[in-house]
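Enquirer: Spelled out, the chains give:
2 protein chains.
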Amino acid sequence: MKQTYFNSSILFTCLAFIVGDIANAQEKTKYLNAEQSDPIKMGWMVGSPPPADRIPRFDDGSFFQFPALRWSVAHMRQFMPTINVSRGLGSSSPLETNIKSDIDKIKFTPLGEKKSITWEESLQKVYADGVIIMHHGKIVYEKYLGALTVDGQHAAMSVTKSFTGTLGISLVQEGLIDPTKLVSEYIPELQNSAFGDATVRQVMDMTTALQFSEDYADPNAEIWKFSAAGNPLPKPKNYDGPKTYYEYLPTVKKKGTHGEAFGYKTVNSDVLGWIIARVTGKTIAEVLSEKIWKKLGTDQDAYYSVDAIGTPFAGGGYNLGLRDMARFGQLILNNGKAGDEQIIPKSAIDDIKKGGDKKAFAKANYTLLKGWSYRNMWWITNNANGAFCARGVHGQVIYIDPKADMVIVRFASNPVASNAANDPYSLPAYEAVAKYLIKAK
Amino acid sequence: MKQTYFNSSILFTCLAFIVGDIANAQEKTKYLNAEQSDPIKMGWMVGSPPPADRIPRFDDGSFFQFPALRWSVAHMRQFMPTINVSRGLGSSSPLETNIKSDIDKIKFTPLGEKKSITWEESLQKVYADGVIIMHHGKIVYEKYLGALTVDGQHAAMSVTKSFTGTLGISLVQEGLIDPTKLVSEYIPELQNSAFGDATVRQVMDMTTALQFSEDYADPNAEIWKFSAAGNPLPKPKNYDGPKTYYEYLPTVKKKGTHGEAFGYKTVNSDVLGWIIARVTGKTIAEVLSEKIWKKLGTDQDAYYSVDAIGTPFAGGGYNLGLRDMARFGQLILNNGKAGDEQIIPKSAIDDIKKGGDKKAFAKANYTLLKGWSYRNMWWITNNANGAFCARGVHGQVIYIDPKADMVIVRFASNPVASNAANDPYSLPAYEAVAKYLIKAK
Chain E
7 MKQTYFNSSI LFTCLAFIVG DIANAQEKTK YLNAEQSDPI KMGWMVGSPP PADRIPRFDD
67 GSFFQFPALR WSVAHMRQFM PTINVSRGLG SSSPLETNIK SDIDKIKFTP LGEKKSITWE
127 ESLQKVYADG VIIMHHGKIV YEKYLGALTV DGQHAAMSVT KSFTGTLGIS LVQEGLIDPT
187 KLVSEYIPEL QNSAFGDATV RQVMDMTTAL QFSEDYADPN AEIWKFSAAG NPLPKPKNYD
247 GPKTYYEYLP TVKKKGTHGE AFGYKTVNSD VLGWIIARVT GKTIAEVLSE KIWKKLGTDQ
307 DAYYSVDAIG TPFAGGGYNL GLRDMARFGQ LILNNGKAGD EQIIPKSAID DIKKGGDKKA
367 FAKANYTLLK GWSYRNMWWI TNNANGAFCA RGVHGQVIYI DPKADMVIVR FASNPVASNA
427 ANDPYSLPAY EAVAKYLIKA K
Chain V
7 MKQTYFNSSI LFTCLAFIVG DIANAQEKTK YLNAEQSDPI KMGWMVGSPP PADRIPRFDD
67 GSFFQFPALR WSVAHMRQFM PTINVSRGLG SSSPLETNIK SDIDKIKFTP LGEKKSITWE
127 ESLQKVYADG VIIMHHGKIV YEKYLGALTV DGQHAAMSVT KSFTGTLGIS LVQEGLIDPT
187 KLVSEYIPEL QNSAFGDATV RQVMDMTTAL QFSEDYADPN AEIWKFSAAG NPLPKPKNYD
247 GPKTYYEYLP TVKKKGTHGE AFGYKTVNSD VLGWIIARVT GKTIAEVLSE KIWKKLGTDQ
307 DAYYSVDAIG TPFAGGGYNL GLRDMARFGQ LILNNGKAGD EQIIPKSAID DIKKGGDKKA
367 FAKANYTLLK GWSYRNMWWI TNNANGAFCA RGVHGQVIYI DPKADMVIVR FASNPVASNA
427 ANDPYSLPAY EAVAKYLIKA K
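First to last, the protein sequences are chains E and V.
Residue 431 in our numbering sits at position 425 of the first sequence, with consecutive numbering throughout.
Residue 234 in our numbering sits at position 228 of the second sequence, with consecutive numbering throughout.
What the hints contain is simulated information worked out from the structure, not anything from laboratory work.
Worth double-checking, as some hints may not be accurate.
It does not matter which identical chain is meant; a pair holds if it fits inside one copy or across any two.
[What the hints assert, rightly or not] Straight-line Cα separation of at most 30 Å, DSS-like style, residue types lysine-lysine; simulated pairs:
{"hint": "1", "residue 1": "Lys149", "residue 2": "Lys288"}
{"hint": "2", "residue 1": "Lys144", "residue 2": "Lys300"}
{"hint": "3", "residue 1": "Lys259", "residue 2": "Lys243"}
{"hint": "4", "residue 1": "Lys131", "residue 2": "Lys121"}
{"hint": "5", "residue 1": "Lys231", "residue 2": "Lys187"}
Make a model of the complete structure from these sequences and hints.
Expert: Here it is in C-alpha cells:
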C-alpha cells in the first residue's frame with residue numbers, strides 16, 4: 007500500500023514540502039549558489055510555452071525541487087487551488103522609510119565559523135528573496151531578490167503557524183477559546199486521537215505527545231500520509247487513506263505524555279486552525295481577513311493553499327507580500343496596535359512574549375537554539391533583547407526585537423529546508439543589526 | 007478512446023463550462039429560482055468540514071452544477087490553480103456615487119413576453135450576483151446578491167474574450183501586431199492548423215472557418231478535447247491527447263473559407279492570447295496587469311485560471327471585482343482614458359466601436375441579436391445609441407451605451423449558460439435604463 011502510494015504520479019507531489027525538510031536527503035549535495043540559481047536569470051516560465059525544462063510542475067513535485075523552487079515560492083497559486091484573504095477595499099497604511107544604507111556593511115561572524123561576513127553577503131548565503139528591516143516603525147532596509155517583487159506574494163511556509171497561533175491566543179483573550187479545556191471539548195471528532203486528552207494550551211505550545219514523524223527519508227513517516235491527505239489533487243482510485251486535513255487529524259496517535267516535551271509537529275497548528283474554525287464558524291482565511299488583514303492597512307490580499315475540500319492549511323499554507331509581513335511584525339512589536347487601533351488584545355501579545363516552558367523545549371535538542379522556548383506558535387529566543395520570531399523552512403522569518411524596536415522580515419528559497427542551514431547566517435546577523443540600530447537610534 | 011476519456015473521474019471535470027452551455031441538455035428542467043437558490047442561504051462551504059452535500063468539487067464537476075455554481079462563480083480560485091493580475095500597490099481611483107433609487111422601479115417588457123416587469127424583478131430572472139450602473143462616470147446603482155461581495159471576485163466567463171480583444175487591438179495600434187498578417191507568421195506552430203492561413207484580423211473578429219463544435223450534447227464535439235487539454239489536473243495515464251492550450255490549438259482543423267461568416271469559437275481568443283504572449287514575451291496576465299490593471303486605479307488584483315503549464319485561459323478564465331469591471335467599462339466608454347491618462351489608444355476603441363462585418367454576423371443566425379456584429383471580441387449592437395458589449399455565459403456582461411453615457415456591468419449565475427436565456431430580461435432592460443438616464447441627465 008505504501009509502495010502503491012509512492013508510485014502514484016498524482017500523489018507523490020505532496021504538500022510535504024511546506025512543513026519540513028524534503029531536501030534533507032540531499033543536504034550534502036553541492037547546490038548552485040544564490041547568484042547561479044537566480045530564478046529570473048534561469049528563465050523559469052518564460053515563453054509561450056516556456057521550454058519544457060523551464061516549467062516547474064506540481065503533479066511530479068518538480069516545482070519544489072531546487073532550483074525551480076526559487077521561482078515557485080513566489081508563485082504558489084499557479085500550482086494549486088487557494089483561498090483569498092481579503093484586505094478589503096480602500097487605502098493601505100503608509101510605510102514610512104528612513105533607509106540606512108550602512109546596514110549592508112554590518113559585519114558578524116556566522117555561528118561555527120571564524121571569519122566575519124557582511125549583512126549583504128549573508129543574504130546570498132540564505133538565498134534571500136526579500137528582506138525588510140523596520141526600526142522605530144519605519145523601513146530602514148528593503149531589498150527584493152530572486153523572483154519576488156514589491157507587489158508579489160511569497161510562501162510563508164511555517165511562519166503560517168505564528169499567524170494561526172496569534173489568532174488562537176487572540177480568541178483565548180476574547181473568551182472564545184479556553185486553553186485549559188481539552189481539545190475534544192471543541193472538536194469531538196478528535197476524541198479518540200492523540201489530541202483527545204490534550205489541552206488546547208498543549209496544542210498551542212506543541213507539547214502534545216504525538217506519534218508523528220516529519221522525517222522525509224522514512225517512507226513510513228506520518229508526514230507522508232498527512233501530505234497526501236492535504237493534497238488538493240484527486241486521489242488515485244486505490245487510495246484508501248484520509249482525503250482531507252479534517253480526515254487525517256483524527257488518525258494521529260499518542261506517543262508519551264502530553265505537556266512534558268516540546269515536539270515541533272505541524273499537525274498541532276492544523277488542530278488549532280480547526281478549533282478556530284469551529285468556534286468562529288468561519289475558515290481561518292476569513293477570520294484572519296476580518297480580524298487582522300482588513301484592519302492592518304495591508305497593501306495586498308494574501309492567500310492560503312487549501313486541501314480538496316477547501317480547508318486552508320493552517321500549518322504552512324500562507325502566502326503574502328513582504329511589506330504586509332512587515333506590517334504584521336510591526337503590529338506584534340506594537341503590542342497589537344496598528345496606528346491608534348488595538349487590533350489584537352495586548353494581553354495576547356503579552357502571552358506570546360512571556361514564552362513557553364524552557365525545560366520542555368530543551369528536550370527537543372535544538373543545538374543552535376539553546377535556552378529558547380515556544381509559545382502560541384512563536385519561537386522565543388530569551389536573549390538579552392527579548393527577541394522572538396516566526397520561522398519557516400527554506401528561510402522564511404519574522405524576527406521581532408523589542409529592545410532594539412526592530413522587526414526583520416525575510417522571504418527566502420534556501421535549497422536546504424531546515425532552518426539549521428540558515429540560522430548560522432541569520433541569528434548572529436539579526437543581533438548585529440539590532441546592535442547597530444540601538445546605537446544609531 | 008473517447009469513452010475512456012469520459013470515464014475518467016479526473017478529466018470529466020472539464021473547463022468546458024467556461025465557454026459554453028453545459029446546461030443545454032437540461033434547459034427544460036425546472037430550476038430553483040434566484041431566491042430559492044441563494045448560495046448564502048443554501049450554506050455552501052459553511053462548517054469545518056461543511057456537510058458533504060454542501061461541498062462543491064472540481065474533480066467531479068459538481069462545483070459547476072446549479073445551484074452549487076452560484077457559490078462557485080464567486081470562488082473559482084478555490085477549485086483550481088490561478089495566475090495573479092496585479093493592481094500594483096497604492097490607492098485605487100475613487101468611484102463617485104450619485105445613487106438613483108428609481109432605477110429599481112424602471113419597467114420594461116421582456117423580449118417575447120407581453121407583461122412588463124421592473125428592473126429589480128429582472129435581477130431575479132437573470133440570477134444576478136452583482137450589478138453596477140455608471141452614468142456620467144458615477145455609480146448610480148450598485149447591488150450585490152448571491153455569493154458576491156464588494157471585495158470579492160467573480161468569474162467573467164467569456165467577458166474575458168473582450169479583455170483579450172482589447173489588449174489585441176491595443177497592440178495593433180501600438181504597431182506590435184499587424185492584423186493583416188497571417189497567424190502563422192506570429193505562431194509558426196499553427197502553420198498546419200486551421201489558423202495557418204487565417205489573418206490575425208479574422209481571428210480577432212472570429213470569422214475564421216473552424217471545425218470546432220461547442221455542442222456539449224455531442225460527445226465527439228471538439229470542445230471536450232479543448233477542455234481536457236486546458237484542464238490543469240494531471241492527465242490519466244491512458245490519455246494521449248493534447249495536454250495544454252498550446253498543444254491543443256495546432257490540432258484545430260479548417261472547415262470552410264475564412265472571412266465569410268462569424269463563428270463564435272472560443273479558440274480564436276486563445277490564439278489571440280498566444281499572439282499577444284508571443285509578441286510581448288509575457289503572459290497575458292502580465293500584459294493586462296502592466297497595460298491596464300496597474301493604471302486603472304483598480305481596487306483589487308484579478309486572476310486567470312491556468313492550464314497545466316500555467317497558461318492563462320484567454321477565452322474565459324478571468325475573474326475580477328465588480329467595481330473594477332465597472333472601471334474597465336468606463337475606460338472603454340471614455341475612449342481609453344482613465345482620469346487624465348490615455349491608457350488605451352483612442353484608435354483602439356474607435357476600431358472596436360466601428361464594428362465588424364454585419365453580413366458575416368448574420369450568417370450565425372442569432373435570433374435575438376439581429377443587426378449586430380462582432381469586432382475585436384466585442385459584441386456591437388448597432389442600436390440607435392451605438393451600444394456595444396462584452397458577454398459571458400451564465401449572465402456576465404459589460405454593456406456600454408455611449409449616447410446615454412452609461413456603463414452597466416453585471417455578474418450572474420443563471421442556471422442556463424446561454425445568453426439566449428438572459429437576453430430577453432437584459433437587452434430591453436438596458437435600453438430602458440439608458441432611456442431613463444438620458445431623461446434624468
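Enquirer: Indicate, hint by hint, whether the structure satisfies it.
Expert: Verification of the supplied hints:
Taking identical chains as interchangeable, the C-alpha atoms of Lys149 and Lys288 lie at most 30 Å apart only when they sit on different chains, with a minimum of 24 Å there against 36 Å within one chain. In this assembly of identical chains, Lys144 and Lys300 lie within 30 Å of each other by CA distance both inside one copy and across copies; the values are 21 Å within and 26 Å between. Proximity of Lys259 and Lys243 under a CA criterion of 30 Å is satisfied intra-copy only: 26 Å inside one chain copy versus 35 Å between copies. Taking identical chains as interchangeable, the C-alpha atoms of Lys131 and Lys121 lie at most 30 Å apart only when both belong to the same chain, with a minimum of 14 Å there against 74 Å between chains.
Proximity of Lys231 and Lys187 under a CA criterion of 30 Å is satisfied intra-copy only: 28 Å inside one chain copy versus 55 Å between copies.
Checked against the numbered hints listed earlier, the structure breaks none of them; every hint is satisfied.
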